[in-house]
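2 protein chains.
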Amino acid sequence: MSSKPESWAYLNRVIEGPSRPLQELLSAGRDADDIARGVRTRAKWLGELGRQTQARYNHDQSAADLEAAAAVGARLISPDDQEWPGAELDQAFGFAATGRSEHLRSYQADAVPPHALWAKGADLTGLVAQSVAVVGTRAVTRYGVEATRQIVAGLASHQWTVVSGGAFGIDTAAHEAALAAGGNTVAVAACGIDRVYPARNAALLERIAGQGCVLSEYPPGTTPQRHRFLTRNRLVAALTAGTVIVEAAWRSGALNTLSWAEGLGRVAMAVPGPITGAGSLGCHERIRSGRAQLVTGADEIRALLGAVGALDVTQQYELAFAATPAQSLSRNELRIFDACGSAAVSAEDIAAGAGLPLPLVVHLLMDLHRRALIGREGSTWFRVGEHRD
Amino acid sequence: MSSKPESWAYLNRVIEGPSRPLQELLSAGRDADDIARGVRTRAKWLGELGRQTQARYNHDQSAADLEAAAAVGARLISPDDQEWPGAELDQAFGFAATGRSEHLRSYQADAVPPHALWAKGADLTGLVAQSVAVVGTRAVTRYGVEATRQIVAGLASHQWTVVSGGAFGIDTAAHEAALAAGGNTVAVAACGIDRVYPARNAALLERIAGQGCVLSEYPPGTTPQRHRFLTRNRLVAALTAGTVIVEAAWRSGALNTLSWAEGLGRVAMAVPGPITGAGSLGCHERIRSGRAQLVTGADEIRALLGAVGALDVTQQYELAFAATPAQSLSRNELRIFDACGSAAVSAEDIAAGAGLPLPLVVHLLMDLHRRALIGREGSTWFRVGEHRD
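Just so you know, the sequences run in chain order C and P.
Heads up: the first sequence runs through residues 1 to 389, numbered per the UniProt record's numbering.
Heads up: the second sequence runs through residues 1 to 389, numbered per the UniProt record's numbering.
Chain C with its partners taken away, still in its complex shape:
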């Protein structure tokens, strides 16, 4: 049974995400309606959440928030919705919960999923299914912009969605390059979905919403604040298979996203740059210390993510020692392979079966076809060796 959107909107307003106590109640099986009722009535079983909502429990703006979002063409996505990126979030925060990461430390408290997302743009499921974060400094150099463009163009041409933070500098270069290549891109904001930050990126954020999606875990009207950038970074890392940092000086905030990627079991990658400037210092430091893998182009990024996707460590080992070609398929390839049968079917049917966006499905089908794992007959596809048996 789904809870009412109003319950999620209410909880999103009175509890600033990420909230570990709320996540614990949800994990314990309580639904949003139930918890919202508990918060409103100051129920004893709320525990820590009761204390956290003491000052705000009667600020019920759920109807107004849903209206404010609708007014700017945005919608609320709750964990009860089809569109909720549950697989990605479960995996990332499931990894964090194992305590295997040394790199969460002071952020451990925040290592829980958002409890709601506000979105403006295309359906999220298809966008994050094959996505990578590309982030970096605001104080960008010409080199950083050029390197970003080169990498993002290569990712976009292979149907990878580029997720970033919508900030000036590398983020802007990443979004723009994805749009220019006709690719998908997602901006995760650190403020309410009805706000525009940074203001000078208003036109860019509109284009992102038009072609991809703008996301926020904060209720409408929320202002961008320092701590929200840090929790936003966690979401960028959680939604994607890996994070690439293009340019980052010694203490760049973009390094925080990379740390989140590590902490959430994602692939952490850094692009090298000239040593004659300070622009890539942070990237070099992460490579040197072994906390990020050196990448110089989209092909290398795809190679690192392709066979890894959003698989856990055991699955990665299984892939590495795969005995048959089919066992070496990435997560998305496997979904497509499984959706194909011995009888030839259309790409549309495969996309529906695999729950993946059509352009990505066609792209991967062609790749699997090249690798002789999937056969083709006109506009239909079938598993090689199983056709007409």
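Label-pair restraints from in silico Cβ distances: (1) P/Ala139 <-> C/Arg251: 34 to 42 Å; (2) C/Ala303 <-> P/Ala109: 32 to 40 Å; (3) P/Lys44 <-> C/Ala303: 54 to 62 Å; (4) C/Arg138 <-> P/Gly182: 36 to 44 Å; (5) P/Arg138 <-> C/Asp299: 25 to 33 Å.
For the record, the hints were derived by calculation from the structure and aren't laboratory data.
Where is the CB? At the ideal position from N, CA and C, for every residue including glycine.
Given chain C, put chain P in place with the hints provided.
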């Protein structure tokens, strides 16, 4: 007992280095006079060396070669000479002989020391005592030159000798930057010491010989040929504590020097660069594959070499787990520390005792003084804690 220089010159002429059969006879205790006699008389005990010298054994040009060298202000350095870099060569080729390196493969036959060196310039012992190789592509970019300059200036200011191959591009930039900083530099040539290659670097090579040293393991008149560049590279790596590759495209010859550094147990380092050009592809590949450490400046290079110096693996571990500050000293620091006593002595005496050049000794004394390991009284120095006990 030392052999006659003429014997070494004769062997150097009739046996092109590196020669494993010759090294085996030397290791077995035969001296150069003895072996030269054996070659001249086609002695049975020469074994493989007899076959190798069959065609050339009567080409005795030793007097002419020594004269040709003297005519250009050069001298022959043999393993019998004080100036022979025996410690460096023994260690490097001793490491290679253990077979621990995976990276010698097709070069294993060449992994033996030279049997003679022709030198033009300053005394070799002081020059190589604290030295690092800086090499790279001939097809240099402006970035590569600037990065080389920056790194070499920092190395020179800390009394590190910069060794390179005298070629165009990065090599030239490295030599020039060392000279400009008033530092020491050594060029290892792939042709005879009386030859100038590349011809356009004639003035540079003259300046190197004037301020540092030009070296060759080939007899006068030898022309530069492809295989000699490869064996020259081995010498560059062997004489130094580590090799830094600044700019190298995918199949750059400079990568060969880096492979030698690995194979000889030296520290292999690579400088990253822009991914928007192909100039640093080879560097990035080596870093990515873990075959070279990423370095972005002289301080990092010194840190990597400082505590490692020319120590073997066991000694490196001992340093890493050193219980006292004195145990964490580098090889050269330890030589200076040992040359100091409880009574205060002059830097000149310490330099004589340690067998290291005075500028390097003064530099390291001041550093040890800062670290409170060495005390100072006027122009004399003593071990802290042991003075006047």
